[in-house]
Amino acid sequence: VMRATRAIISGSSALLLLDIFADFVPEDLDIFVTAPHANTLVNYLIGTEHYWQTSYVVVTEDAQTDVLDVHGGISRVTRLSAGTFHIDVIVSAENTATFPIAHWWTSLLMNFVSADTLCCAYPTLTLERRGLYHPLRLLHPSYPDGTNVFYQNRYSERGYE
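Heads up: the sequence shown runs through residues 103 to 263, numbered per my numbering.
Simulated from the structure, these hints should not be mistaken for laboratory data.
All clues given are correct.
Cβ-Cβ distance ranges computed for the label pairs, FRET-style:
| # | residue 1 | residue 2 | range |
| --- | --- | --- | --- |
| 1 | PRO225 | ARG256 | 19 to 27 Å |
| 2 | ASN255 | ASN197 | 31 to 39 Å |
| 3 | TYR146 | LEU229 | 30 to 38 Å |
| 4 | TRP154 | PRO225 | 35 to 43 Å |
| 5 | LEU229 | ASN141 | 33 to 41 Å |
| 6 | GLU163 | CYS221 | 27 to 35 Å |
| 7 | THR226 | SER157 | 32 to 40 Å |
| 8 | THR142 | ARG256 | 27 to 35 Å |
| 9 | TYR235 | ILE148 | 33 to 41 Å |
All values derive from a computational prediction rather than experimental measurement.
Ideal Cβ positions, reconstructed from N, Cα and C, are used throughout, including at glycine.
Build out the structure end to end from the sequences listed, making use of the hints.
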């Protein structure tokens, strides 16, 4: 289904595949897809994999184009759950699923896995367990109260600088 929908996996799950020393378990799975393929992917996850939809967020056009906004590059997010595991189906604001990845708050998350490829945007830093951080993005008011420090600490606790 990843190939058929041209979906990619990014976030901590992609980082886990790259880091042979990682010992954390991702709390969710971030799947990025373009708008024409989003419903196909969501319907597959609900109908075949037995997830259920727990939330649906449409991102304002202003937030989509704001490079500092937590939703930069994203047009909508559908959260699916099965037990305690969550999948966020993240729909790109542009014609490529990779577009929102450039908006991540740290280079540690600028990796992705497709049906055929594993890509690491900053291989030397990532494999040294170090990342570049975008402080203006982390301090942007679009982040829910207190979550910016939470996200930084999450990766520090996992052994990343």
